[in-house]
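> The residues making up each chain are set out below.
Protein chains: 2
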Amino acid sequence: MRDVSIIGIGQTPVAEHWDRSLRHLAGDAVLAAMKDAGIETADALYVGNMLSGLLTGQEHLGALIADFVGLRGIEAVKVEAACGSGAAALRLGYMAVAGGMHDLVIVCGVEKMTDTVNSETTTGLVMAADADYESVHGLTFVAINALLMRRYMYEYGVRHEDFAYFTVNAHRNAAGNPQAMYRNPVTVEQFMRARMIADPINLLDSSGIGDGAAAVVLCPTSMAREYGHGRRVRIRASSMATDAVAVHDRRDPLWLSAVEASAFKAYQQAGVGPREIDLFELHDAFTIMAALSLEASGFAERGKGVWLARSGEISREGRIPICTMGGLKARGHPVGATGLYQVVEVVQQLRGEAGPNQIAHARLGMAQNIGGSGATAITHILEAQD
Amino acid sequence: MRDVSIIGIGQTPVAEHWDRSLRHLAGDAVLAAMKDAGIETADALYVGNMLSGLLTGQEHLGALIADFVGLRGIEAVKVEAACGSGAAALRLGYMAVAGGMHDLVIVCGVEKMTDTVNSETTTGLVMAADADYESVHGLTFVAINALLMRRYMYEYGVRHEDFAYFTVNAHRNAAGNPQAMYRNPVTVEQFMRARMIADPINLLDSSGIGDGAAAVVLCPTSMAREYGHGRRVRIRASSMATDAVAVHDRRDPLWLSAVEASAFKAYQQAGVGPREIDLFELHDAFTIMAALSLEASGFAERGKGVWLARSGEISREGRIPICTMGGLKARGHPVGATGLYQVVEVVQQLRGEAGPNQIAHARLGMAQNIGGSGATAITHILEAQD
Numbered sequence: 001m002r003d004v005s006i007i008g009i010g011q012t013p014v015a016e017h018w019d020r021s022l023r024h025l026a027g028d029a030v031l032a033a034m035k036d037a038g039i040e041t042a043d044a045l046y047v048g049n050m051l052s053g054l055l056t057g058q059e060h061l062g063a064l065i066a067d068f069v070g071l072r073g074i075e076a077v078k079v080e081a082a083c084g085s086g087a088a089a090l091r092l093g094y095m096a097v098a099g100g101m102h103d104l105v106i107v108c109g110v111e112k113m114t115d116t117v118n119s120e121t122t123t124g125l126v127m128a129a130d131a132d133y134e135s136v137h138g139l140t141f142v143a144i145n146a147l148l149m150r151r152y153m154y155e156y157g158v159r160h161e162d163f164a165y166f167t168v169n170a171h172r173n174a175a176g177n178p179q180a181m182y183r184n185p186v187t188v189e190q191f192m193r194a195r196m197i198a199d200p201i202n203l204l205d206s207s208g209i210g211d212g213a214a215a216v217v218l219c220p221t222s223m224a225r226e227y228g229h230g231r232r233v234r235i236r237a238s239s240m241a242t243d244a245v246a247v248h249d250r251r252d253p254l255w256l257s258a259v260e261a262s263a264f265k266a267y268q269q270a271g272v273g274p275r276e277i278d279l280f281e282l283h284d285a286f287t288i289m290a291a292l293s294l295e296a297s298g299f300a301e302r303g304k305g306v307w308l309a310r311s312g313e314i315s316r317e318g319r320i321p322i323c324t325m326g327g328l329k330a331r332g333h334p335v336g337a338t339g340l341y342q343v344v345e346v347v348q349q350l351r352g353e354a355g356p357n358q359i360a361h362a363r364l365g366m367a368q369n370i371g372g373s374g375a376t377a378i379t380h381i382l383e384a385q386d
Numbered sequence: 001m002r003d004v005s006i007i008g009i010g011q012t013p014v015a016e017h018w019d020r021s022l023r024h025l026a027g028d029a030v031l032a033a034m035k036d037a038g039i040e041t042a043d044a045l046y047v048g049n050m051l052s053g054l055l056t057g058q059e060h061l062g063a064l065i066a067d068f069v070g071l072r073g074i075e076a077v078k079v080e081a082a083c084g085s086g087a088a089a090l091r092l093g094y095m096a097v098a099g100g101m102h103d104l105v106i107v108c109g110v111e112k113m114t115d116t117v118n119s120e121t122t123t124g125l126v127m128a129a130d131a132d133y134e135s136v137h138g139l140t141f142v143a144i145n146a147l148l149m150r151r152y153m154y155e156y157g158v159r160h161e162d163f164a165y166f167t168v169n170a171h172r173n174a175a176g177n178p179q180a181m182y183r184n185p186v187t188v189e190q191f192m193r194a195r196m197i198a199d200p201i202n203l204l205d206s207s208g209i210g211d212g213a214a215a216v217v218l219c220p221t222s223m224a225r226e227y228g229h230g231r232r233v234r235i236r237a238s239s240m241a242t243d244a245v246a247v248h249d250r251r252d253p254l255w256l257s258a259v260e261a262s263a264f265k266a267y268q269q270a271g272v273g274p275r276e277i278d279l280f281e282l283h284d285a286f287t288i289m290a291a292l293s294l295e296a297s298g299f300a301e302r303g304k305g306v307w308l309a310r311s312g313e314i315s316r317e318g319r320i321p322i323c324t325m326g327g328l329k330a331r332g333h334p335v336g337a338t339g340l341y342q343v344v345e346v347v348q349q350l351r352g353e354a355g356p357n358q359i360a361h362a363r364l365g366m367a368q369n370i371g372g373s374g375a376t377a378i379t380h381i382l383e384a385q386d
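Here the protein sequences come in this chain order: A and B. Residues 1 to 386 in my numbering are what the first sequence lists, from first letter to last. Residues 1 to 386 in my numbering are what the second sequence lists, from first letter to last.
The reader is advised that the hints may include incorrect statements.
[Stated by the list, open to error] Each pair of labels, with its calculated beta carbon distance range:
{"id": "1", "chain 1": "A", "residue 1": "226", "chain 2": "B", "residue 2": "302", "range": "36 to 42 Å"}
{"id": "2", "chain 1": "B", "residue 1": "31", "chain 2": "A", "residue 2": "194", "range": "17 to 23 Å"}
{"id": "3", "chain 1": "A", "residue 1": "70", "chain 2": "B", "residue 2": "122", "range": "38 to 44 Å"}
[Unchecked claim] Chain A is faced by these chain B residues, among others (derived, beta-carbon under 10 Å):
{"id": "4", "residue": "81"}
{"id": "5", "residue": "103"}
{"id": "6", "residue": "136"}
{"id": "7", "residue": "137"}
{"id": "8", "residue": "139"}
{"id": "9", "residue": "140"}
{"id": "10", "residue": "142"}
{"id": "11", "residue": "143"}
{"id": "12", "residue": "147"}
[Stated by the list, open to error] Calculated pairs, DSS-like style, for lysine-lysine (alpha carbon to alpha carbon, straight line, at most 30 Å):
{"id": "13", "chain 1": "B", "residue 1": "265", "chain 2": "A", "residue 2": "265"}
{"id": "14", "chain 1": "B", "residue 1": "35", "chain 2": "A", "residue 2": "35"}
{"id": "15", "chain 1": "B", "residue 1": "304", "chain 2": "B", "residue 2": "265"}
{"id": "16", "chain 1": "A", "residue 1": "265", "chain 2": "A", "residue 2": "304"}
No lab work stands behind these hints: they were computed from the structure. This one's a predicted model, so the numbers in the text were calculated from it and none came from an experiment. Even for Gly, the Cβ is constructed at its ideal location relative to N, Cα and C.
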């Protein structure tokens with residue numbers, strides 16, 4: 001199989017884009033990525049999206065977006081894996097290029113969650129959970145995460161306040177990211193005063209939904225020099241794993257098996273371990289997910305994820321910087337687009353384009369996108385390319 | 001890239017399965033395909049589905065179905081391309097095996113359209129069209145096809161009765177398929193008396209929606225002998241193309257450019273032409289789509305698709321048998337599953353397992369799945385393998 005490089009990136013701000021429809025957002029990101037890569041055509045388009053059908057009455061996004069960006073006729077398809085849809089689309093785009101099916105591939109993640117016509121976002125998000133055994137009982141998606149968080153606090157003797165440091169870090173980093181939704185700094189005191197959403201998850205434990213799109217252009221590493229500006233990033237690993245969708249079906253609700261499997265397969269493929277990773281864009285849909293992701297990915301012992309945050313090791317100056325551009329919490333979480341935002345941000349870091357948020361000497365970055373409360377996990381490891 | 005074979009097939013009857021949920025239907029088809037292939041595990045699962053979110057409140061089908069069939073942990077993702085979702089999933093499964101990413105891949109198409117809780121099927125199906133420029137004006141999916149059919153009749157001087165022969169053929173063939181939904185024969189007289197749905201499309205111009213799932217198991221051709229019973233079928237070509245989603249955006253509404261592009265790319269890949277194809281499972285969601293597909297795929301001149309049907313050349317004894325197990329019209333059209341049903345049926349023909357519907361000496365079969373009113377087209381050419 002061929003090595004694959006990312007030769008272009010594009011993103012819209014995450015915001016309430018009341019003046020931009022889903023196709024406009026996707027178009028903005030894709031055209032920016034194509035411009036960045038210096039290409040005017042492509043062989044295929046893979047679109048990550050979760051909620052367009054329910055919220056905007058539009059499926060069939062592959063053909064729709066391909067046509068809208070001026071690529072009518074090319075192979076184009078939508079990929080869905082709940083909140084992991086974006087990275088799942090990247091995984092398929094990677095496969096298309098690595099396997100030799102296509103040379104120039106665009107991958108886009110897009111979600112339009114505000115100012116929609118058909119339904120409510122809460123109804124949409126719970127489709128990531130098990131409809132027959134979870135949602136049917138009235139559980140919302142945040143409620144499922146609240147159960148996990150409560151159990152974590154009970155099992156490991158952790159207080160709610162201990163989670164605050166994920167939020168403080170995310171908001172600090174978002175301040176330096178012009179695309180981020182919440183650029184205001186947050187203190188531990190503010191975190192503790194935030195209003196409760198689903199006990200113990202409060203407003204500042206929760207990522208904000210939003211509208212947005214992000215995109216990358218892929219090609220074989222051997223051809224990457226022909227395109228763009230020379231700031232290329234190589235995909236050193238790409239892996240996906242799954243778990244039971246319903247939390248009660250898992251052996252251990254506090255251990256994200258799919259995250260572990262996908263992270264360690266990625267380490268193996270790249271020939272590295274957690275110690276070599278310079279930054280980690282993880283899936284902090286809720287603070288509890290950040291803690292569990294750090295543990296299952298090998299950055300903290302079981303039950304110790306929160307302490308990594310509290311000790312400052314997740315900051316830009318720490319041992320393993322996470323959410324370096326704000327993360328889901330503060331950049332915003334347009335669900336089907338998030339996986340691509342994470343990858344775009346890792347590329348910004350590896351190209352030295354992260355502005356005030358630049359991680360010094362970043363060479364290896366990891367992006368991990370999760371579907372549901374851990375049933376799908378997709379991990380990519382990217383490397384700065386000379 | 002590697003040659004790819006289909007080593008196992010499975011399907012449920014298409015019906016109103018009020019006692020089977022979406023995961024049960026998918027499970028039945030996948031487990032049948034695994035049994036047929038003689039495998040107990042797989043590397044990845046690709047699920048074609050269009051409507052599960054809107055109709056049953058369940059997304060995230062990759063992880064859900066992988067777990068349900070006993071394959072918890074494997075790579076699994078949902079693929080959506082409107083009514084072309086099934087074949088789009090096959091296309092990605094093919095890519096995974098051909099490119100060397102995986103050796104054993106399961107592809108499943110599933111749709112649960114009756115006895116659902118959340119919404120109406122008509123609302124769901126129109127998500128294949130352009131929400132901002134077609135559905136917003138109140139156009140349903142059948143209405144869009146009715147506009148195409150009316151224009152066809154006007155341009156080519158064709159009467160409504162001339163389309164009857166597609167329906168007569170489909171129902172004749174469904175009679176011999178135990179999995180088909182409508183096994184009753186239909187006469188031209190009955191067709192003409194059927195009640196109007198969206199003028200000029202009547203009930204018997206229209207495929208019936210239903211619940212169902214179909215699945216195949218793929219592996220590299222070089223490994224195919226290790227598995228199953230030796231009745232293998234090789235994928236000689238796989239191709240996907242797109243067009244504008246909104247009909248008014250196309251250069252010529254009566255010419256399916258995506259169908260043409262995907263069919264002729266497939267012919268090129270397989271090194272054959274329409275004359276060498278022994279049977280053609282086409283996308284007869286409405287009779288007009290059957291006519292347009294025959295024309296764009298090179299089996300009939302422009303405006304002459306209906307005459308191919310009227311002259312009997314589409315029958316099992318004719319020049320190009322279509323819908324040999326009932327087609328969308330009479331086998332039934334569980335939209336996201338249809339592309340896989342078509343492929344399973346071609347495999348049945350090529351393995352000599354089509355019972356009373358067996359096409360004599362069938363060696364090369366083509367399956368073509370369409371998304372929307374032609375915006376996505378996926379063509380596969382399969383060959384009996386010694």
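> None of the hints should be skipped; say for each whether it holds.
Hint check results:
no. : hint                         : in the structure
1   : A:226 with B:302: 36 to 42 Å : holds, 40 Å
2   : B:31 with A:194: 17 to 23 Å  : violated, 47 Å
3   : A:70 with B:122: 38 to 44 Å  : violated, 32 Å
4   : 81                           : holds, 5 Å
5   : 103                          : violated, 13 Å
6   : 136                          : holds, 8 Å
7   : 137                          : violated, 13 Å
8   : 139                          : violated, 12 Å
9   : 140                          : violated, 12 Å
10  : 142                          : violated, 16 Å
11  : 143                          : violated, 15 Å
12  : 147                          : violated, 18 Å
13  : B:265 with A:265             : violated, 36 Å
14  : B:35 with A:35               : violated, 49 Å
15  : B:304 with B:265             : holds, 22 Å
16  : A:265 with A:304             : holds, 22 Å
The earlier numbered hints that this structure contradicts are 2, 3, 5, 7, 8, 9, 10, 11, 12, 13, 14.
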